[in-house]
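Engineer: Kindly produce the complete structure, drawing on both the sequences and the hints.
Listed in order, the protein sequences are those of chains A and B.
Those letters in the first sequence? Residues 1 to 112, by the numbering used here.
Those letters in the second sequence? Residues 1 to 112, by the numbering used here.
The hints are simulated quantities; they were obtained by calculation from the structure and are not laboratory data.
Keep in mind that a hint or two might mislead.
[Claimed, not checked] Here's a subset of chain B near chain A, in silico, CB distances under 7 Å, partners left out:
# : residue
1 : VAL82
2 : GLY98
3 : LEU100
[What the hints assert, rightly or not] Simulated crosslink set (DSS-like; lysine-lysine; CA at most 30 Å straight-line):
#  : chain 1 : residue 1 : chain 2 : residue 2
4  : B       : LYS99     : A       : LYS71
5  : A       : LYS57     : B       : LYS99
6  : B       : LYS77     : B       : LYS60
7  : B       : LYS56     : B       : LYS68
8  : A       : LYS65     : B       : LYS99
9  : B       : LYS68     : A       : LYS57
10 : A       : LYS57     : B       : LYS52
11 : A       : LYS69     : B       : LYS99
12 : A       : LYS18     : B       : LYS111
13 : B       : LYS56     : B       : LYS99
Even for Gly, the Cβ is constructed at its ideal location relative to N, Cα and C.
Letter by letter, the chains look like this.
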Amino acid sequence: EAQVTQNPRYLITVTGKKLTVTCSQNMNHEYMSWYRQDPGLGLRQIYYSMNVEVTDKGDVPEGYKVSRKEKRNFPLILESPSPNQTSLYFCASSLVGGQPQHFGDGTRLSIL
Amino acid sequence: GDSVTQMEGPVTLSEEAFLTINCTYTATGYPSLFWYVQYPGEGLQLLLKATKADDKGSNKGFEATYRKETTSFHLEKGSVQVSDSAVYFCALTLSNTGKLIFGQGTTLQVKP
Chain A
1 EAQVTQNPRY
11 LITVTGKKLT
21 VTCSQNMNHE
31 YMSWYRQDPG
41 LGLRQIYYSM
51 NVEVTDKGDV
61 PEGYKVSRKE
71 KRNFPLILES
81 PSPNQTSLYF
91 CASSLVGGQP
101 QHFGDGTRLS
111 IL
Chain B
1 GDSVTQMEGP
11 VTLSEEAFLT
21 INCTYTATGY
31 PSLFWYVQYP
41 GEGLQLLLKA
51 TKADDKGSNK
61 GFEATYRKET
71 TSFHLEKGSV
81 QVSDSAVYFC
91 ALTLSNTGKL
101 IFGQGTTLQV
111 KP
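Structural biologist: Put into structure tokens, the structure is as follows:
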């Protein structure tokens, strides 16, 4: 079954404690991307990757890092989380760049 | 800069009513346009897309036509069902980039 898997699904943590949200896809897709969803703002792109070792900033990259060492994985790293990063996060993938077709189920982060 | 504007919701309709959700965009170049749907508690699903002017995307009874002269991509369905209740997002991407820009989303509630 084609899947994008995010972990964890829920996390409550404190300001400044580094965390990583993992994202993995089993479809051999070249394109992967991260979004955050906030009420009234829709989804905003954080980072995207067109292929292994190729990443680029979306609209709201501040405070986030990513890496793409292998095609299937695209982790999102918050080095020093702050309360304004409390949000619902989605990872997505597709064969064609900029047209995500498969989304994960989301990760709800609460930064206290 | 590039942006997507959707009509505000929630939109409340009775079953079998006609649906229109308005979407307009601002973009440099020639964007591709998309509609995504998010059911409660789930990630997004690509509903339909159009990659050039006058293209019509369609899926599951939903349609949208890429209108360059009015910079619009309105979503329509002739007869909605209760199961269509969800949040609908309009989005655009620019050619040969991985950037994806979403509208703020429109909640549709369909009552029996």
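Engineer: For each hint, tell me whether it holds in the structure or not.
Structural biologist: Against the structure, the hints:
no. : hint                 : verdict
1   : VAL82                : violated (23 Å)
2   : GLY98                : holds (4 Å)
3   : LEU100               : holds (5 Å)
4   : B/LYS99 <-> A/LYS71  : holds (19 Å)
5   : A/LYS57 <-> B/LYS99  : holds (8 Å)
6   : B/LYS77 <-> B/LYS60  : holds (9 Å)
7   : B/LYS56 <-> B/LYS68  : holds (12 Å)
8   : A/LYS65 <-> B/LYS99  : holds (17 Å)
9   : B/LYS68 <-> A/LYS57  : holds (28 Å)
10  : A/LYS57 <-> B/LYS52  : holds (25 Å)
11  : A/LYS69 <-> B/LYS99  : holds (20 Å)
12  : A/LYS18 <-> B/LYS111 : violated (45 Å)
13  : B/LYS56 <-> B/LYS99  : holds (22 Å)
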